[in-house]
Amino acid sequence: MTSLPVSTSSAMPASAAPLRAAYSRAKVGMASLIFMESAFFGTFLVTYLYYIGKSPDGPQPLDCLELGPVTVNSVCLFASSATVVFAVKALARGAVAAFRTWLLITILLGLEFIVGTGLEWNTLINEKGLTIASNAFGTNYYSLVGFHAFHVIIGLLILIGILVLSLTGCIDPRRDHARIDVATWYWHFVDAVWIFVFALVYFIGRVPQDFVGHIPVGGGL
Amino acid sequence: MTTMSPHSTDETMKPLSFWESATRWTMSVDHKKLGLMYIAAGLVFFLIGGVEAALMRLQLARANAGIIDPETFNQLFTMHGTTMVFLVGMPVLLGFGNYLLPLMVGARDMAFPRLNAFGFWLFIFGGMLLYFSYVGSEGLYGAPGAPDVGWFAYAPLTSRTYSRGNSTDYWILGILISGIGSMTTAINFIATAICMRCPGMTLMRMPMISWMMLVVAALVLVAVPVLTAAQVMLLFDRSFGAHFFDPQTEGSAILWQHLFWFFGHPEVYILVLPAFGFVSEILPVFSRKPIFGYGLMVAATVGIGFIALGVWAHHMFVVGMGPTLDSFFAASTFLISVPTGIKIFNWIATMWGGRLRFHTPMLFVTGFIAMFVLGGLTGIMLATVPVDWQLSDSYFVVGHFHYVLFGGTVFGIFAAIFYWFPKATGKMLDDHLGKWSFWLLFIGFTLTFMPMHISGVLGMPRRIYTYEADRGFEIWNLISTIGVPIQMAGVALFLWNVVKSLRNGKPAGDDPWDGWTLEWATSSPPPEWNFDRIPTCTSARPLWDKKHPEDPDAHYE
Chain A
1 MTSLPVSTSS
11 AMPASAAPLR
21 AAYSRAKVGM
31 ASLIFMESAF
41 FGTFLVTYLY
51 YIGKSPDGPQ
61 PLDCLELGPV
71 TVNSVCLFAS
81 SATVVFAVKA
91 LARGAVAAFR
101 TWLLITILLG
111 LEFIVGTGLE
121 WNTLINEKGL
131 TIASNAFGTN
141 YYSLVGFHAF
151 HVIIGLLILI
161 GILVLSLTGC
171 IDPRRDHARI
181 DVATWYWHFV
191 DAVWIFVFAL
201 VYFIGRVPQD
211 FVGHIPVGGG
221 L
Chain B
1 MTTMSPHSTD
11 ETMKPLSFWE
21 SATRWTMSVD
31 HKKLGLMYIA
41 AGLVFFLIGG
51 VEAALMRLQL
61 ARANAGIIDP
71 ETFNQLFTMH
81 GTTMVFLVGM
91 PVLLGFGNYL
101 LPLMVGARDM
111 AFPRLNAFGF
121 WLFIFGGMLL
131 YFSYVGSEGL
141 YGAPGAPDVG
151 WFAYAPLTSR
161 TYSRGNSTDY
171 WILGILISGI
181 GSMTTAINFI
191 ATAICMRCPG
201 MTLMRMPMIS
211 WMMLVVAALV
221 LVAVPVLTAA
231 QVMLLFDRSF
241 GAHFFDPQTE
251 GSAILWQHLF
261 WFFGHPEVYI
271 LVLPAFGFVS
281 EILPVFSRKP
291 IFGYGLMVAA
301 TVGIGFIALG
311 VWAHHMFVVG
321 MGPTLDSFFA
331 ASTFLISVPT
341 GIKIFNWIAT
351 MWGGRLRFHT
361 PMLFVTGFIA
371 MFVLGGLTGI
381 MLATVPVDWQ
391 LSDSYFVVGH
401 FHYVLFGGTV
411 FGIFAAIFYW
421 FPKATGKMLD
431 DHLGKWSFWL
441 LFIGFTLTFM
451 PMHISGVLGM
461 PRRIYTYEAD
471 RGFEIWNLIS
481 TIGVPIQMAG
491 VALFLWNVVK
501 SLRNGKPAGD
511 DPWDGWTLEW
521 ATSSPPPEWN
531 FDRIPTCTSA
541 RPLWDKKHPE
551 DPDAHYE
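Read top to bottom, the protein sequences are chains A and B. Read in the working numbering, the first sequence has 102 at position 102, and its numbers run on one by one without any break. Read in the working numbering, the second sequence has 225 at position 225, and its numbers run on one by one without any break.
Note that these hints are calculated values from the structure, not bench results. Mixed in with the good hints there might be a few duds.
[Unchecked claim] If the Cβ cut is set under 10 Å, some of the chain B residues that face chain A in the computed set are:
hint, residue
1, A111
2, M196
3, A230
We put the CB at the ideal spot given by N, CA and C, even for glycine.
The shape of chain A in the complex, shown without the other chains (with noise of 0.2 Å):
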């Protein structure tokens, strides 16, 4: 569409002066799908709000879940967000070798994060006996982390897509730094995500189980 001959009119009254749009199509369409996955996430982190404190019977947050291993993940995918930020600066200043390396680390550090939680759910599946269907906690631990973990692999897919790209020599840094750097908004947004889904899984959650009483949220629900 873009190549079509725009013409204005010569005789443009002064009120008719071109209107140039503030952002562009790619920023506002990525903002709008950000808009919407919040929501979509949204309602998976109420749900496990909702939750906590109401699952009694089977293995519980505090006997499962272990600190130590999301910790590395977790540094790792926010070590991620900045990575991918040198590499859209690198493109911009057109440092083609230095964009590919910062993607390369950020994918190589998106991809500890997957393998990471995929061996965390091995120790839960395997050694404590949780799983989707054992009580309310694990479906909802399963639902919220896999999902996130699900948008991780397809930020992931955009990242090893726009190396791929890079290599096959199909990125101009000046032409397409702009579109790579909205690209890259969507693997802040999973970042974001994990910083609300982390603290509601590994902090807020990890409470004994047998505190439906005590706890005011959701009372009324």
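On the provided structure of chain A, position chain B as indicated by the hints.
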């Protein structure tokens, strides 16, 4: 992608083979073709949903009737509600948004044309998946059958225990997929309204309908993902033995109600705001006056958008949420009637002192205002907690929301079809037949839905497949059923009108109604690229300014 070649106009003159024209439509990313396909598919589902309603009315015409067995009746009301909301209301309104938004803001297409086609085909796929359940699912007793859990699919009725087989999974997946289509379209609307406006068209010069579509898109992006998430949870419950909604295993059935209605009530505004947009475009043109209080209309629209997110639990007064939550949601529901009332008064003020022309679109718009006010008033009654305790889940509620969604949204859609049909096809719809359609629909509608308020007050619950003879329901149900064939005659006449006008309707010309917005500035039907030259805009009524250079609106802004 569309290309602007000087030959394409000649090509369209040649008659296309069936295969050529089929591929031209199915492979299109043109917002106009997609919009028309949305509307056409929505009207097909409208007929299907209408037949389902007619069958239910047939069964309810007399006490103790045995035309339809209870299992089938459950499927009918489930599919009627689901179809009308998700496969008629959403696609037809999104289709109009698709068709009109780029034309009215002076753009050559939507912001993301391919995403647009993707959303449309997802909707088609979701709709077909839902209806495939009639033949392909494993319903009650193992035989194929449609979903039968009601359109809001309350837990624990949807759990594995109470909903055997997989018909409920068809409901989940069909709606989930068409919902993803709606969300992509909403992203497209927002990007188009914000980024694609023509030179001079500031936000406060956008046509009212563009504002409505922008707010609708924002509501879709907040509300539909919540339904999607809730449906995924339900799918996990049913497929993996998760414990979200089953109260017997730590789950909460009330949580489903909260999540569903957090989607469900904004959905009502998603369905009615575009119709508000139609009224706000059509009414001024047929009153020969600019819309009264443009800025206030915009503010009221945005206000409705925000308040719509905080009223959902008025569907749940009978749950026993306690006085605090009940009062809050009653108050917020009263509050939302304020911006809605502002709109009604602005429309009346637009008509006031105007030179009214009662062509068919104007008739439907006037009918819309009257019906919608009645539906709004019964809505305020239902927002009053003690009244709701008495009337919840009765036919009074059925009457109420049909006044809003049929008398409101569907009348708005008919007005829009009669108003924009000339633009989309280059032919006028027959005004005489159109007026017959209107009066048949209006009378049939009133006969069907007005008595429902009475049978509801008398205590008739919704969703029952039959009733006893001595309850005083009979006469009101009979009248309701008598209205149905009259409405069907109105719809049949409309369909005949479309066929007849497409074959040999009066040529419309570019601007048959003497309109003021940019879609009338291009040919009918518009070329694939919409405008040979991107138009410019000097006020909220750009075409008025062009037609009346001696007295342009721009002087008064």
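So, going through the hints one by one against the coordinates:
Because the smallest distance between the Cβ of A111(B) and any Cβ of chain A comes to about 4 Å, under 10 Å, the interface hint for this residue holds. Proximity of M196(B) to chain A holds as hinted, the smallest CB-CB distance being about 7 Å (cut-off 10 Å). Using the Cβ-Cβ criterion of 10 Å, the hint placing A230(B) at the interface with chain A is satisfied: the shortest such distance is roughly 7 Å.
Hint check: no violations occur; every hint is consistent with the structure.
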